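Q: Each chain, written out:
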Amino acid sequence: MLLLVGVDPARLEFFNLSAAQGPRWAEICTEFTARIAEKGPSPIWYALKKKKETTVSDKQAA
Amino acid sequence: MAIGEEKIEEPISPEKQREIPDDWKPNIIAFACHYCAFAAADLAGVMRLPYPPNVKVIRLPCTGKLDQVYILRAFERGVDGVFAAG
Amino acid sequence: MIVGEQKPFDEIWDMVKGHKQLTVFGCNTCVSVCHQGGNKEAEILASLLRMRASQEDVEIEISDGGIERQCEHPFFDKVQETLRKSEAILSLACGIGVQFTAQKYMSTPVYPALNTTFLGDVPAEGFFTEKCQACGDCILGITGGVCPVSRCCKRLFNGPCGGSSDGKCEISKDVDCAWQLVVDRLEALGKLDDYEKITPIKDWSKDRAGGPRSFKLEDF
Chain D
1 MLLLVGVDPA
11 RLEFFNLSAA
21 QGPRWAEICT
31 EFTARIAEKG
41 PSPIWYALKK
51 KKETTVSDKQ
61 AA
Chain G
1 MAIGEEKIEE
11 PISPEKQREI
21 PDDWKPNIIA
31 FACHYCAFAA
41 ADLAGVMRLP
51 YPPNVKVIRL
61 PCTGKLDQVY
71 ILRAFERGVD
81 GVFAAG
Chain F
1 MIVGEQKPFD
11 EIWDMVKGHK
21 QLTVFGCNTC
31 VSVCHQGGNK
41 EAEILASLLR
51 MRASQEDVEI
61 EISDGGIERQ
71 CEHPFFDKVQ
81 ETLRKSEAIL
91 SLACGIGVQF
101 TAQKYMSTPV
111 YPALNTTFLG
121 DVPAEGFFTE
131 KCQACGDCIL
141 GITGGVCPVS
151 RCCKRLFNGP
161 CGGSSDGKCE
171 ISKDVDCAWQ
181 LVVDRLEALG
191 KLDDYEKITP
201 IKDWSKDRAG
211 GPRSFKLEDF
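If you read the sequences in order, they're chains D, G and F.
The opening residue of the first sequence carries number 1 in the UniProt record's numbering; numbering runs sequentially from there.
The opening residue of the second sequence carries number 1 in the UniProt record's numbering; numbering runs sequentially from there.
The opening residue of the third sequence carries number 1 in the UniProt record's numbering; numbering runs sequentially from there.
The hints are simulated quantities; they were obtained by calculation from the structure and are not laboratory data.
Please note: incorrect hints may appear among the correct ones.
[Unchecked claim] Straight-line Cα separation of at most 30 Å, DSBU-like style, residue types lysine-lysine; simulated pairs: (1) LYS40/F x LYS56/G; (2) LYS154/F x LYS50/D; (3) LYS78/F x LYS51/D; (4) LYS206/F x LYS154/F; (5) LYS16/G x LYS49/D; (6) LYS206/F x LYS50/D; (7) LYS51/D x LYS7/F; (8) LYS154/F x LYS16/G; (9) LYS56/G x LYS51/D; (10) LYS52/D x LYS85/F; (11) LYS65/G x LYS7/F; (12) LYS16/G x LYS50/D; (13) LYS39/D x LYS65/G; (14) LYS154/F x LYS39/D; (15) LYS25/G x LYS51/D; (16) LYS154/F x LYS49/D; (17) LYS25/G x LYS52/D; (18) LYS56/G x LYS16/G; (19) LYS65/G x LYS50/D.
[Stated by the list, open to error] Just the calculated beta-carbon pair ranges, DEER-fashion: (20) THR54/D x GLN17/G: 22 to 30 Å; (21) GLN68/G x LYS173/F: 34 to 42 Å; (22) GLN99/F x SER18/D: 46 to 54 Å.
All figures in this text were calculated on a predicted structure; none of them were measured in a lab.
Where a beta carbon is used, it is the ideal one built from N, C-alpha and C, also for glycine.
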């Protein structure tokens with residue numbers, strides 16, 4: 001479904017862990033952050049940023 | 001390629017390679033079950049384990065409460081990654 | 001139940017992208033059973049469309065909503081205001097719902113998000129098969145409860161054609177021969193004699209051949 005709008009499904013992941021797996025939680029967070037950092041911002045982030053920039057410049061122009 | 005050797009295709013990402021702005025930091029949403037993953041996150045905190053601050057945790061009563069729409073809404077608002085744990 | 005399938009995302013996007021405001025409108029009865037047109041699917045589709053819009057830099061305000069049935073007036077009461085204010089409506093109902101909505105709001109464009117495919121059942125989870133053509137003159141009583149009008153590719157009324165082999169239809173090995181099913185069922189019922197009876201020519205005027213059909217209760 002994400003593919004339809006040009007978002008890489010690798011940006012979404014599911015993990016299984018129990019309440020006792022504190023270290024695993026830290027591990028998952030580190031791993032996943034590294035993966036996303038490598039992929040860069042989401043295409044929607046770029047789009048929203050561009051939009052924000054144009055609204056700001058519009059306001060300045062006015 | 002030898003016979004019987006399995007060819008695994010790398011999934012192709014639909015995203016274009018773009019320049020990453022300097023001030024960008026990954027923005028990640030984690031959906032966590034109150035009774036397992038959230039408790040695990042809590043434990044990680046108690047154990048003083050370091051983990052990246054980019055992950056924002058949303059506590060659900062159970063990951064069964066997680067809805068496709070929640071995930072889509074996150075992406076819609078420009079979040080860079082989403083994971084669910086439970 | 002009416003079964004529908006969501007149109008390809010690009011096709012939907014091309015239909016609606018010219019508008020400034022759009023309401024994605026679900027129908028929570030038949031088409032929600034096949035997870036194609038319910039209020040939940042409307043929410044998802046609206047979200048996907050918003051993502052596409054922001055990426056293509058198109059200014060379009062997309063909201064979502066839905067009712068239990070888009071083919072009856074009373075259900076529309078609570079959404080009257082929202083729909084009246086909408087510039088365009090993307091309906092996730094079957095063809096009936098889309099037409100009903102369009103008729104209610106004469107000056108608002110209503111687009112179909114679904115292809116209405118057939119009248120069917122749910123033999124297994126997530127699986128839907130065609131069972132009825134609404135031909136208007138039911139013969140299930142003499143065919144052992146198996147409909148040759150919708151399940152025989154040739155709509156034969158007096159036994160199978162020569163293409164039936166091993167209980168399968170000649171068009172595909174995945175399609176059961178309807179007449180094999182009729183015979184199996186009649187045999188189980190001990191009514192194989194019925195199979196020998198010649199079915200008279202069917203009155204197709206009760207089908208679409210007689211024009212659009214309607215039905216009115218006398219008390220109303």
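Q: Which hint numbers does the structure go against, in order from smallest to largest?
A: The structure conflicts with hints 2, 3, 6, 8, 14, 16, 19, although it agrees with all the remaining ones.
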